[in-house]
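Undergrad: Using the sequences and the accompanying hints, generate a full structural model.
Okay, here's what each chain looks like letter by letter:
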Amino acid sequence: MKKFTSVNDVLDINYLIDRAVYYKSNPFADSVLGQNKRMGLLFLNPSLRTRISTQIAARNLGIEVIVLNIDKEGWNLELNEGAIMNGTKVEHIKDAAPLLGAYFDIIGMRTFPGLSNKEEDYNELLLSQLMRHSGIPIVSLESSTLHPLQSLADLVTIWENHNKITRPKIVLTWAPHIKAIPHCVANSFAQWINKWDNADFVITHPAGYELSEQFTEGANIMHSQKEALAAADFVYVKNWSSYTDYGKVCCEDSSWMLTEQHLADAPDAKVMHCLPVRRNIELSDEILDGKRSLVTQQGANRVWAAQAVLAEILKMS
Amino acid sequence: MKKFTSVNDVLDINYLIDRAVYYKSNPFADSVLGQNKRMGLLFLNPSLRTRISTQIAARNLGIEVIVLNIDKEGWNLELNEGAIMNGTKVEHIKDAAPLLGAYFDIIGMRTFPGLSNKEEDYNELLLSQLMRHSGIPIVSLESSTLHPLQSLADLVTIWENHNKITRPKIVLTWAPHIKAIPHCVANSFAQWINKWDNADFVITHPAGYELSEQFTEGANIMHSQKEALAAADFVYVKNWSSYTDYGKVCCEDSSWMLTEQHLADAPDAKVMHCLPVRRNIELSDEILDGKRSLVTQQGANRVWAAQAVLAEILKMS
Amino acid sequence: MKKFTSVNDVLDINYLIDRAVYYKSNPFADSVLGQNKRMGLLFLNPSLRTRISTQIAARNLGIEVIVLNIDKEGWNLELNEGAIMNGTKVEHIKDAAPLLGAYFDIIGMRTFPGLSNKEEDYNELLLSQLMRHSGIPIVSLESSTLHPLQSLADLVTIWENHNKITRPKIVLTWAPHIKAIPHCVANSFAQWINKWDNADFVITHPAGYELSEQFTEGANIMHSQKEALAAADFVYVKNWSSYTDYGKVCCEDSSWMLTEQHLADAPDAKVMHCLPVRRNIELSDEILDGKRSLVTQQGANRVWAAQAVLAEILKMS
Numbered sequence: 001m002k003k004f005t006s007v008n009d010v011l012d013i014n015y016l017i018d019r020a021v022y023y024k025s026n027p028f029a030d031s032v033l034g035q036n037k038r039m040g041l042l043f044l045n046p047s048l049r050t051r052i053s054t055q056i057a058a059r060n061l062g063i064e065v066i067v068l069n070i071d072k073e074g075w076n077l078e079l080n081e082g083a084i085m086n087g088t089k090v091e092h093i094k095d096a097a098p099l100l101g102a103y104f105d106i107i108g109m110r111t112f113p114g115l116s117n118k119e120e121d122y123n124e125l126l127l128s129q130l131m132r133h134s135g136i137p138i139v140s141l142e143s144s145t146l147h148p149l150q151s152l153a154d155l156v157t158i159w160e161n162h163n164k165i166t167r168p169k170i171v172l173t174w175a176p177h178i179k180a181i182p183h184c185v186a187n188s189f190a191q192w193i194n195k196w197d198n199a200d201f202v203i204t205h206p207a208g209y210e211l212s213e214q215f216t217e218g219a220n221i222m223h224s225q226k227e228a229l230a231a232a233d234f235v236y237v238k239n240w241s242s243y244t245d246y247g248k249v250c251c252e253d254s255s256w257m258l259t260e261q262h263l264a265d266a267p268d269a270k271v272m273h274c275l276p277v278r279r280n281i282e283l284s285d286e287i288l289d290g291k292r293s294l295v296t297q298q299g300a301n302r303v304w305a306a307q308a309v310l311a312e313i314l315k316m317s
Numbered sequence: 001m002k003k004f005t006s007v008n009d010v011l012d013i014n015y016l017i018d019r020a021v022y023y024k025s026n027p028f029a030d031s032v033l034g035q036n037k038r039m040g041l042l043f044l045n046p047s048l049r050t051r052i053s054t055q056i057a058a059r060n061l062g063i064e065v066i067v068l069n070i071d072k073e074g075w076n077l078e079l080n081e082g083a084i085m086n087g088t089k090v091e092h093i094k095d096a097a098p099l100l101g102a103y104f105d106i107i108g109m110r111t112f113p114g115l116s117n118k119e120e121d122y123n124e125l126l127l128s129q130l131m132r133h134s135g136i137p138i139v140s141l142e143s144s145t146l147h148p149l150q151s152l153a154d155l156v157t158i159w160e161n162h163n164k165i166t167r168p169k170i171v172l173t174w175a176p177h178i179k180a181i182p183h184c185v186a187n188s189f190a191q192w193i194n195k196w197d198n199a200d201f202v203i204t205h206p207a208g209y210e211l212s213e214q215f216t217e218g219a220n221i222m223h224s225q226k227e228a229l230a231a232a233d234f235v236y237v238k239n240w241s242s243y244t245d246y247g248k249v250c251c252e253d254s255s256w257m258l259t260e261q262h263l264a265d266a267p268d269a270k271v272m273h274c275l276p277v278r279r280n281i282e283l284s285d286e287i288l289d290g291k292r293s294l295v296t297q298q299g300a301n302r303v304w305a306a307q308a309v310l311a312e313i314l315k316m317s
Numbered sequence: 001m002k003k004f005t006s007v008n009d010v011l012d013i014n015y016l017i018d019r020a021v022y023y024k025s026n027p028f029a030d031s032v033l034g035q036n037k038r039m040g041l042l043f044l045n046p047s048l049r050t051r052i053s054t055q056i057a058a059r060n061l062g063i064e065v066i067v068l069n070i071d072k073e074g075w076n077l078e079l080n081e082g083a084i085m086n087g088t089k090v091e092h093i094k095d096a097a098p099l100l101g102a103y104f105d106i107i108g109m110r111t112f113p114g115l116s117n118k119e120e121d122y123n124e125l126l127l128s129q130l131m132r133h134s135g136i137p138i139v140s141l142e143s144s145t146l147h148p149l150q151s152l153a154d155l156v157t158i159w160e161n162h163n164k165i166t167r168p169k170i171v172l173t174w175a176p177h178i179k180a181i182p183h184c185v186a187n188s189f190a191q192w193i194n195k196w197d198n199a200d201f202v203i204t205h206p207a208g209y210e211l212s213e214q215f216t217e218g219a220n221i222m223h224s225q226k227e228a229l230a231a232a233d234f235v236y237v238k239n240w241s242s243y244t245d246y247g248k249v250c251c252e253d254s255s256w257m258l259t260e261q262h263l264a265d266a267p268d269a270k271v272m273h274c275l276p277v278r279r280n281i282e283l284s285d286e287i288l289d290g291k292r293s294l295v296t297q298q299g300a301n302r303v304w305a306a307q308a309v310l311a312e313i314l315k316m317s
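Residue numbers (this note's numbering), protein chains in the order written: chain D, 1 to 317; chain S, 1 to 317; chain R, 1 to 317.
Treat the hints with care, since some could be wrong.
Identical copies go unnamed one by one, so any copy, or any two together, can satisfy a pair.
Pairs of lysine to aspartate or glutamate residues, derived as EDC-like cross-links and limited to a Cα-Cα distance of at most 20 Å, are as follows [said to hold, decoys possible]:
id, residue 1, residue 2
1, LYS195, ASP9
2, LYS94, GLU260
3, LYS37, GLU64
4, LYS94, GLU286
5, LYS164, ASP253
Note that these hints are calculated values from the structure, not bench results.
TA: Following this line, the structure appears as structure tokens:
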């Protein structure tokens, strides 16, 4: 693996799940693989779970980690070719990226969508420019449109809990929130489950919350949450803002909050959420505090997902 | 030791002092004890001495450290059971803590009192919830009401300087400041000296600055600073705001600033302060720059106190 | 070497260049030299290149690194003897520095000029007080007036590219910018090239941008950029604000921006800049994207310069 920015960088999803599960039992098995290697973690917006889990994964492999909270350093990068830099942008990606490529062996970067300009967000300019100009492997720690490390951890969690069900029914359900949230987690989950192709995959949301078809294609999309949830094995709860009316909150229907009552027809359903979760807005206390919840396991699996990815990248470099 | 949040978690104070003194001479004696262990340092308010000294202590024991400046990340935690999270709190402690427990082997946390609601500060809800929901050992890096790592460093310093005095006279004296300061250092010092029970312990402050009796009980409390300081062996200088008129500054009497003149009747007295100190407000230059001052030694001992505590916790886990 | 705050701390520049070049080929040759040593990196203003390169250099030598972003912690230090500390300064350098000296084996500090008071900036009070009161080796990571680690990296880069030219012609040229910039990089480069004394050294700038003679003495200073650039082997492009009309921007003549046209009489000239660079304000795209540019190599050499310096300091301590 030369980079990890979406499921399309992965040759064999099941192999990667397998490696993550292996590291979960053997965290320090490859503790010399990353000896004398360095990873830079660039955060353009704050992160806790992602930063911690990636840092742990890297250290387990012996990789040195340097964290750069770029948002707080005011390191405003220019991305446009030919720009006359007389404004607030202090450095061009063409000058910053090659140096990062000289300092590090791997770069992890978290960026985020502005949610006001769909094209700008969806062309992932910063990520692609960083890849082009740094010349070293890039790992997305969440981009404007995708969150592949989260999705791999999600799949590891599903794999650990699927109890030999040949084709589990997986439902991604929209949930209410109090503000406009990016599409990354939902897009990425849809993209991974579709490519994995070992599940009956249903996406349910109110009308107006259709995700981009480039990620959802292959899933069964329903507007009836009740119908979607019936006989579900895994229910992934997530809010996202509108894609068509870009970045807007077009419905706040609180009846979409997942409660035990919603799972009356899905007695064995396990419930997932990437955290942080707004309790009693997205998901009820009874579910989060009950036996269905996989959220802690899912968050803990972020470490093993990252470790599997970093190890594959090290092996190629 | 399964946690370290107050002197009540310590079975044998003298043993812990002894371990700290041992590490001071042998910093790397147990450098493999913490191998493949990870400690998360969570700061809800800024810290320099505490962060550096704890980080050094952990590294001396081979522990990996990840620092989280939570205040700057806007990670505003909900603590109330059953909360409908439609406000500014982004995550419930019930969801955050178990994951921290999965990521780390030990958590150190610094929190702080708001100084506006006595009950809220003194019930230490965040600390107790973190302990309850994380399931791993917690080390207080200063809480709303106590600062046990500071107190252990204070006792190590007293031990190093007590010159075989059987029962040294230790005086904790209030000093002026320019703003309202928490009670943590004073509460904790009182609690430790009282439990240690190897000293004549006097607390002196202007009327209105009585500390909580749960910590001071056992000490001789005086309003005459002059009388209190007579024949003192150790004088601990510290400002704190009012406990009864909670969080208020009820007197700014600058005559309480400790100077050489105040120590006329205590020729051998050594002077302590936890730093940072407001020179010529709390303590005079002549004392801080003179032979009585133990402040640098005391600050340096923070490392060995933390190392002794972390080592004991590692041995139990 | 007991400290590294200017070229005057260096006995033999060529030896230091040689060490840097050696580490570039053998990054981990001395990975045990700094075992059980700790370096504190104190930043009073943000830094990316300097922080990363110094951190990498230290880790390559086995040194533990703790980063302190002091500006963000609000750690406002009092420097004046005898101050009554009733204002915004929370700690005196006399109390902070000895403790840093106890915690660390080496301190690296980045400070910066206010650019409003020439005397205050040029007496480097914070740096000299830190040296005096910490008692341990100090490495400047850029001070109010100098940036010696940058200059050493610059010289390493010149050395790597001088192609056996006996005395290369090196030109430091002022360039336009959009705001007032410190003199540190220019002062320091001038000081190093002058002391190195293996080049024909020319400084060119518009009238009013004369640098302090204490650093430029020995260089040929010209107001005609065209004349200065003729037959140059190395052109160092840098903006700085006025020294005489202290901290002011006294000319924004955009014709000083370096372009290919400016180098018509210097066909072999290599172009240097310390980054970050304002494209098409200081330097044209064609130069930065062309074969003349050494800027990435120069930035990458920051690691090896820092590693050479830290190794020499470790050998003396």
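Undergrad: With reference to the structure, classify each hint as holding or not holding.
TA: Hints versus structure:
1. For the homomeric pair LYS195 and ASP9, the shortest alpha-carbon distance inside one copy (12 Å) is at most 20 Å, but the shortest distance between copies (53 Å) is not.
2. Proximity of LYS94 to GLU260 under the C-alpha cut-off of 20 Å is restricted to the inter-copy arrangement: shortest distance 19 Å between copies versus 52 Å within a copy.
3. In this assembly of identical chains, LYS37 and GLU64 lie within 20 Å of each other by CA distance both inside one copy and across copies; the values are 6 Å within and 16 Å between.
4. Only between protomers do LYS94 and GLU286 lie at most 20 Å apart by alpha-carbon distance; the minimum there is 12 Å, versus 51 Å within a single protomer.
5. In this assembly of identical chains, LYS164 and ASP253 lie within 20 Å of each other by CA distance neither inside one copy nor across copies; the values are 36 Å within and 73 Å between.
Violated hints amount to a single one, hint 5; each of the other numbered hints is respected by the structure.
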